[in-house]
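Got chain P; can you put chain Z on it based on the hints?
In order, the protein sequence lines correspond to chains P and Z. So the first sequence is residues 1 to 603, counted in my numbering. So the second sequence is residues 1 to 249, counted in my numbering.
There is no bait here: all hints are sound.
Example chain P residues on the side facing chain Z (calculated, C-beta under 10 Å, incomplete):
#, residue
1, R110
2, S355
3, N522
When the alpha-carbon atoms are kept at most 27 Å apart in a straight line, the in silico DSS-like pairs for lysine-lysine are as follows:
#, chain 1, residue 1, chain 2, residue 2
4, P, K565, P, K603
5, P, K361, Z, K209
6, P, K351, Z, K205
7, P, K350, Z, K209
8, P, K350, Z, K133
Here are a few chain Z residues that face chain P, going by a calculated C-beta distance under 7 Å:
#, residue
9, G28
10, M29
11, D33
12, D45
13, K56
14, V96
15, K97
16, P118
17, V135
Everything labelled a hint here was simulated from the structure, so no lab data went into it. Keep in mind the model is a prediction, meaning the values are calculated, not measured. Glycine included, every Cβ here is placed at the ideal spot set by N, Cα and C.
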Amino acid sequence: MAEYITHEHDVLIIGAGGAGLRAAVEASAAGVKVAVITKSLLGKAHTVMAEGGIAAAMGNVDDRDSWRVHFSDTMRGGQYLNNWRMAELHAKEAPARVRELEAWGALFDRTNDGRILQRNFGGHRYPRLAHVGDRTGLEMIRTLQDHGIHLGLDVFMEHTVTRLLKEGNRIAGAFGYDRERGRFHLFRAKAVVLATGGIGRAFKITSNSWEYTGDGHALAYDAGATLMDMEFVQFHPTGMIWPPSVRGILVTEGVRGEGGVLRNRNGERFMFKDIPPLYVNQTASSEEEGWRYTQGDKNAKRPPELLTRDHVARCIRREVREERGSPHGGVFLDIAWIKEKLPNAPEHIKKKLPSMYHQFKQLADIDITQEPMEVGPTTHYMMGGVRVDADSQMSDVPGLFAAGECAAGLHGANRLGGNSLSDLLVFGKRAGEYAAAFAKEHSLGAVNTFELESAEKSALRPFEGNGPENPYAVQHTLQDVMQDLVGIVRQEGEMRQALERIRELKAASQRVTVGGNREYNNGWHTALDLHNLLTVAEIVTQAALERKESRGAHFRDDFPAKDEKFGTFNFVVRKGPDGSMQFAREPIAPMPQELKQVIEEMK
Amino acid sequence: MATATFRIWRGEKGQGKFQEYKTEVATGMVVLDVVHQIQAEQAPDLAVRWNCKAGKCGSCSAEINGMPKLMCMTRMSTLPGDQPVTIQPMKAFPHVKDLVTDVSWNYEVKKRIPKFQPRRPDAEDGTWRIAPKDVERVQEFRKCIECYLCQDVCHVLREHNMHDQFIGPRFLVYAAALEMHPLDVGDRVGELRKEFGIGLCNITKCCTKVCPEGITITDNAIIPLKERVVDRFFDPLTKLFRIFSNSKT
Numbered sequence: 001m002a003e004y005i006t007h008e009h010d011v012l013i014i015g016a017g018g019a020g021l022r023a024a025v026e027a028s029a030a031g032v033k034v035a036v037i038t039k040s041l042l043g044k045a046h047t048v049m050a051e052g053g054i055a056a057a058m059g060n061v062d063d064r065d066s067w068r069v070h071f072s073d074t075m076r077g078g079q080y081l082n083n084w085r086m087a088e089l090h091a092k093e094a095p096a097r098v099r100e101l102e103a104w105g106a107l108f109d110r111t112n113d114g115r116i117l118q119r120n121f122g123g124h125r126y127p128r129l130a131h132v133g134d135r136t137g138l139e140m141i142r143t144l145q146d147h148g149i150h151l152g153l154d155v156f157m158e159h160t161v162t163r164l165l166k167e168g169n170r171i172a173g174a175f176g177y178d179r180e181r182g183r184f185h186l187f188r189a190k191a192v193v194l195a196t197g198g199i200g201r202a203f204k205i206t207s208n209s210w211e212y213t214g215d216g217h218a219l220a221y222d223a224g225a226t227l228m229d230m231e232f233v234q235f236h237p238t239g240m241i242w243p244p245s246v247r248g249i250l251v252t253e254g255v256r257g258e259g260g261v262l263r264n265r266n267g268e269r270f271m272f273k274d275i276p277p278l279y280v281n282q283t284a285s286s287e288e289e290g291w292r293y294t295q296g297d298k299n300a301k302r303p304p305e306l307l308t309r310d311h312v313a314r315c316i317r318r319e320v321r322e323e324r325g326s327p328h329g330g331v332f333l334d335i336a337w338i339k340e341k342l343p344n345a346p347e348h349i350k351k352k353l354p355s356m357y358h359q360f361k362q363l364a365d366i367d368i369t370q371e372p373m374e375v376g377p378t379t380h381y382m383m384g385g386v387r388v389d390a391d392s393q394m395s396d397v398p399g400l401f402a403a404g405e406c407a408a409g410l411h412g413a414n415r416l417g418g419n420s421l422s423d424l425l426v427f428g429k430r431a432g433e434y435a436a437a438f439a440k441e442h443s444l445g446a447v448n449t450f451e452l453e454s455a456e457k458s459a460l461r462p463f464e465g466n467g468p469e470n471p472y473a474v475q476h477t478l479q480d481v482m483q484d485l486v487g488i489v490r491q492e493g494e495m496r497q498a499l500e501r502i503r504e505l506k507a508a509s510q511r512v513t514v515g516g517n518r519e520y521n522n523g524w525h526t527a528l529d530l531h532n533l534l535t536v537a538e539i540v541t542q543a544a545l546e547r548k549e550s551r552g553a554h555f556r557d558d559f560p561a562k563d564e565k566f567g568t569f570n571f572v573v574r575k576g577p578d579g580s581m582q583f584a585r586e587p588i589a590p591m592p593q594e595l596k597q598v599i600e601e602m603k
Numbered sequence: 001m002a003t004a005t006f007r008i009w010r011g012e013k014g015q016g017k018f019q020e021y022k023t024e025v026a027t028g029m030v031v032l033d034v035v036h037q038i039q040a041e042q043a044p045d046l047a048v049r050w051n052c053k054a055g056k057c058g059s060c061s062a063e064i065n066g067m068p069k070l071m072c073m074t075r076m077s078t079l080p081g082d083q084p085v086t087i088q089p090m091k092a093f094p095h096v097k098d099l100v101t102d103v104s105w106n107y108e109v110k111k112r113i114p115k116f117q118p119r120r121p122d123a124e125d126g127t128w129r130i131a132p133k134d135v136e137r138v139q140e141f142r143k144c145i146e147c148y149l150c151q152d153v154c155h156v157l158r159e160h161n162m163h164d165q166f167i168g169p170r171f172l173v174y175a176a177a178l179e180m181h182p183l184d185v186g187d188r189v190g191e192l193r194k195e196f197g198i199g200l201c202n203i204t205k206c207c208t209k210v211c212p213e214g215i216t217i218t219d220n221a222i223i224p225l226k227e228r229v230v231d232r233f234f235d236p237l238t239k240l241f242r243i244f245s246n247s248k249t
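Just chain P, same shape as in the assembly (with noise of 0.2 Å):
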């Protein structure tokens, strides 16, 4: 065997952002070796650009919040594509989570007797985000960062995963390189887990940070896991647009659920036009309701800037193509406005938003105390990924593990902000816990010479093309490809047009050719992305494809309505023998009885 740098764990966690973390800690509590990969250094995942709030029924503010609400909430919000189990277990335990994360040093927003205080969220019936200004996704990984760090975890900082090794079925370990110096690691583990986050990358405009390359979505669908609801990209309606260099940066649903409002340039509540039937009974008839809810009326209903993301994006993009948008191709969110309503509202507003604030003063000249903002929609999360176990996390494969963004289940056809924290915590829990149960009942797996040898050889075949194809070229044309083809409103033709282009550009990127040497080498790295990023936005097309419908964060020009056939099952994608991607439906489960009769009572 060739010589690499050899690391042995009992498991083995690739990721640290919040489910990657809470997943390290408490495999860690179990006794077992655990080793963190991270491709960044500690405490720069991207979890740490959340802002709103980490969405949990503990009925701080409005005690008629209970799990059952939160379960059907986000049950509705997924269009009841998601999956049940996960959906229940996310909404019972996500408390329990927050009070962990306190426990460890998170000092959330207080109510005035004390306790966390909760806020008012897209999709949420009442206010359920615990927070910390707009900061929470900072508190939540620094806390978790700073408690991780006590408990004899091996952390490899900078390094990057670009194949998971199995022997026969199960998990074996993982292949990858450090950023630093460019060698090769071998980590043995006996389970591993992925927590790599989403596939932001793929699209030109998007609020993910550079690491959101879809690395677990690829590396676990090239080990046979399956993947499924890939159709399934959100996009949140508010990113910045202006200045161009800024444009998809993330604005926070927060920003509305503290009663700011969306107006087209002639100055209207656009989102008052259109409100979906499933929303009817929950959404405020008049200006005024909406502007009581958010301060805590507890008889008024939300303001329909607080209706789902995918719908609110929708509308967005409906205003700027029938021109009304603002100068620059989006609509104005005005937090400005509550000046009428409040005496100390610039006070008040920097004290809320502090990082939304300091982000439009320091980025755009703009300063949101005094006027509005100019948002658009912007690629935020993925709802598909690999399919889990709803109580363990476990794949197809045998010991491997997925949690969090890169795992599907939870948030069905579209995820209401707020349950992304959640998710992480309650997700990452398990799957730590099983991880390192799995990992107590197995011995290490044994590694294939083979294997290795032709991940070695892929990753190093940059160096010796002398190719014309540059890697951040190839990644910016994919990224257009994505956007305008694959985004926010889809059609067969566009969709068969970028599947053409994608093929296209997987060839380029057997071309591309990177100089220098393999120390700190962005360029090779960036070569190295393309085939995750390649592999994640042809199934995420395919799958879109695939539904011929409208649902949650999925939306057909050619087939604008929903189709309840299309309701009662998932897509799954694998990989066939063949290297071929093999699409198939898979039929939900039915509901039991007793969560039936809880979504019937929350109508």
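Structure of chain Z alone, referenced to chain P:
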């Protein structure tokens, strides 16, 4: 669109030189956009560390025209347009390549600081009650994104290389966040005085000036900690009291 000149440090492990690049600068661009553009068009193997490009992760720290800054939050329009813009790696840490430095020392320091220790829960359900005003003071410190620009500018580390005797402003802020945490009952005052070297800080406030999160590092974190050290170790009455009560100051 205007053409601008950039002088970027290229090289490995401390060896290197400025290399000049010319590129187009469009409205609203930040320094990190320029670096990416140069990387994509002229220098594919240029090493730069970044992540969120939104001022939230603290990865892209560098020295721009000699000033420690986040590349993603430094708009080109804030720099003089008629002169070349210089971009170099942080100086207080070992150089890796181009704009990337080895910041692992910071992670080792953090491990040495005694962790959060909460008091017993206030309520039977295992939760605590904290008044809103009591979280605010510490929330300022918890805004830190660990960009290490304060460590970079601190002369104790930057000029005197006293990394083995002084934990630097970032970790004094971290210690302050723990010491002033409304639930924490730990005690780090002894370590602050000795192993963490708080006495080496002579409050020149350079750290406060470069903090991209606007944390008032010196006044709100370091000085109150220094006061705790003084009260504990240099005030004869408190010292006596401590001997008898063994309480935390």
